[in-house]
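Spelled out, the chains give:
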Amino acid sequence: MIAFWILAVIMLGSAIWCISASKPVYSVVALLLHFAALAAMYLTLNAEFLAVIQLIVYSGAILILFLFVIALLSSGVASFSVGPNRLPRIAIPAIVLIALALGFFTYAMGHAGAVVPAAQAGSPLGPVGTADVFGSVNDFGKALFTSYLLPFEITALLLMVAVIGVILLAGDHAPYVATRKHAAEVRREMREAILREGRQ
Amino acid sequence: MTINVTNADWNAVAPIIIVAITGLLVLLLDLLSPKNISRYAAILLGAAGMIVAGVVASLAYWSPAYVAFGGAFIQSGFGIVFQLIILIAGIGSLILVRPPVQNERIAGATALMLWGTCGAMLMAGAGNLMVVFLGLELLSLALYCLCGLADRPSSRESALKYLILSSTASGFMLYGMALLFGASGSVAFADLANPALASSALLWVGGGLFLVGIAFKLSLVPFHAWSPDVYEGAPLPVTAFMSVATKAGTLAVFARFMYAALPAGTADRLLLPIWIVAAISMIAGNVGMLAQHDLKRLIAYSGIAQVGYILTALAGGTHLGLRYAIYYLAAYTFMNLGAFAIATTMSGDREEGSHLANYRGYGRRNPVGAALMTFFLLAMAGLPPTAGFLGKILILSSSVGAGYAWLGVVLIIGTAISLYAYAKVVRAMYQRDEHVHAFEGHAPAPLAWASAAICFVVIIVMTFYPYTPSNVLPIVK
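Protein chains in written order, with my numbering: chain F, 544 to 743; chain S, 27 to 503.
Take every hint as true, because none was put in to throw you off.
Far from chain F by the CB rule (all over 10 Å, computed), these chain S residues: (1) 73; (2) 103; (3) 294; (4) 300; (5) 320.
Computed footprint of chain S on chain F; a stretch qualifies when at least three of its residues, placed anywhere within it, have a C-beta under 8 Å from a C-beta of chain S: (6) 689-696; (7) 702-713.
Since the hints were derived computationally from the structure, they do not count as laboratory data.
Where is the CB? At the ideal position from N, CA and C, for every residue including glycine.
Only chain S is shown next, with the shape it has when bound in the complex:
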């Protein structure tokens, strides 16, 4: 069982190679320059590398899909769309890097973020379980280190918690993969779709354990306890990256597993626990949001619920559902990045601007910032002129069409609960409060403002020109 590696194989992973090499370049420049590399140089070089990678990836979008490295990697529209979302998340969070991540660590932080992006991109295009696992570990390893970057105890706590819990989840996933390998005799997704396996108990046990790992990485409800603590302790840009890239990569793996790697007739029963868990997440995530006092914790709980919404779109396994899920994932990416960008503009040298007390009276101190923040929060809640609203409408239509109307009902209930939580932040920003603990005097953050403005424009455009990618059915052969 040998294959010949050709140029086409390398072309398929070219965007990933570009991102990885950019990481090396940043480190090399840091080493060669007499002082440390400046923050802007590192960030702009990293962002430029990711933009080039994005262009290279999107050039291949309409060309026919093919299998590279003997099935290890699949070059297809599906993988490319997810890779683009991951790259956007990478760029959008990389440009938010500023103190308290010290300037001495900026090159390392940039490189790790680039390599974490590589890991998520590999997950998006993975054609076998081995690449899925390695991509996941690449992403996770980078994130463990990034979480601990800020010089404060909560950051170290966050890194350690993430390391231990995530490794345990990886163990579950690996055990599941081993059993799937035992069932099919191959690590490729393509061989799992063998109808002879539908009655194999190994497939059921292995698939179940595999899904436990996926549910952990998506922070679905019984496996969600890590995410608020880890998000809160990690530096702001890392939280932004984690909240989008990890979820995008894992969702790509889940979608590929669900759409293309399951023997016919097993999907309904094997995936039922995931839909139930998604429903619980939509309620529990939004309820959990009500009690939070920190933007990062709030977004952690919000993320739990948002993944539930995306899974609602996937339920039933229709082509349309997948397109809508990708649309909502993209909208979610921009809302999250926008909210984090505004929080970054409020950060000082020692303190990050994520505590909700900082937002009291923000509407008077900075009307533009408050208006943008309101917009992003309302988009997360799914109110009309935003892509969040349109995305939820699309998800509802597909879930009803696919026979999962009960998930749609849960989605509406969850959204209703979440409105209160988001409105609480908005009210704090605009309420008249004379005794505001003024948290002011921050360094200007032009990149963060630019990011927030771009996110705003993109969400508006997405609302009025809702393009859902059509070339995205995940293929495995």
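Chain F on its own, in the form it takes in the complex:
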């Protein structure tokens, strides 16, 4: 429980830092802290596989991707050009809303009924890391390819849609043709240049 509170404070703090940082790089560092704390929280929940995935995929791959983008965009290291500060105008309604929501959630969680343990019935908590135990790689893989096969397959389609969509939007008007023509042109120019060199 103590670990939960420490991690929760770290996560909330880093999340606030992430959205309020003046430079994008700081935001990424704050996000890294957030992801690390999240991974630690997975560990406290005995989901060590998720924790490792969280570290590898999010902290390892996605954050590096963010850093690449920031490095490639020259404005990445500069401060955000924020507009006029709108916070004072919305401060009071925002505080009221947040207080209401927090109060409501606290009340609701306090009065939450008993959780019906349907899913966990067949998965006893045993020594961490062994097979057939909640959160283990074995258990995870089995669930992924049997009970959650359909969602898993939909995710594949989802990723493909994202890739095709990005190509469609980011490519110029004629993505394939123009590129092909361009490459051919470049090759021809190079050949001609080499021929010229040889003649001289």
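Please arrange chain S on chain F, whose structure you already have, making use of the hints.
Showing chain S alone in chain F's frame:
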């Protein structure tokens, strides 16, 4: 907790697989053909794939319902009817694709539209919250890209607005789903109907957040501000698709949640905000329509109100109400697709024919087109010889029967307001105006004309042979 995946499981999602593979085929053909795939080839292949999927889906309509993939997907008459409506929306909007969507992008646009259809179809048959969310994201991701397809700033604005607002709404929905999972310990709709959960506060908070997400996707009134802007910027066929498929998929999820996934006794109180919001939508949507100068914005506001009408049919949770809601949804699909088809026939290479100024004097330039447009608009308004009228009568009868007569009253008031807005367009088409900015000289659009004619015939047939599907109670087990 493991299951064996059998052939029956794959049969349940066969229509979705067919549509998804058609999308891949279109892209492959585009890659293999020496030049780009032609517009007609892409569109007709896509439409053919969806028609095959529709036939495969409807073959299973009368066979007994069963649960596939261990509860992730439910094969039942309810899901199939919604899937068919979504497929019709997909076909009806796919054949409207033409410039300003460039020919180089046609294969990608067709594939994305097919995959968006897959997402909506998954929502229609989803048996657990995970598939609902993935289907919704599949649909939304495809739509974000489709919205930005036209080469103009408003289209990019539309895509970005939709991306940001819709992601926020998805966040709400996901948070709600997490709390529902916390309450029941399972993502399946079937386990939510557990009577032990009726007193669980987690169910109430989670259900509330879930409904916020649903209300956003249906563009009900406090969450509607995105839809006119997004509809206006998106290319015409995409707007047509968005106005029907998204709503059909989300309504299927809502109906399944409302009819089958709520513990007994909670429905009245948990869903009350939705009915109030529906009532506000019926008024605000129709009032908002009065000030519009673009057909797409007009239909966006009209859609806000029409969803209110459909929810009125669902209020009370009767079997009859669900059947009438499906009838009205189908009628709405055809009216919308018809109106968009006529707008497409007026589109030029650079400009889309959705601005209402283009319709001035249209009655003299093209009497047939103007007559069809008038018919579709009057159907939306719900005037007699159309399915819109019959649908509203049916909705009124079910809402009164289910004890929600106040929603019926709001429906009548909303309809009265909307008449003025629709009549404004009709008047513009037939008024004598010598100083018309003639917007002419467009490429012929045979597919759009065919679509408009089919929509007209279907609406007439639906009016005189009002078939409401009987095999549609949503089941979760």
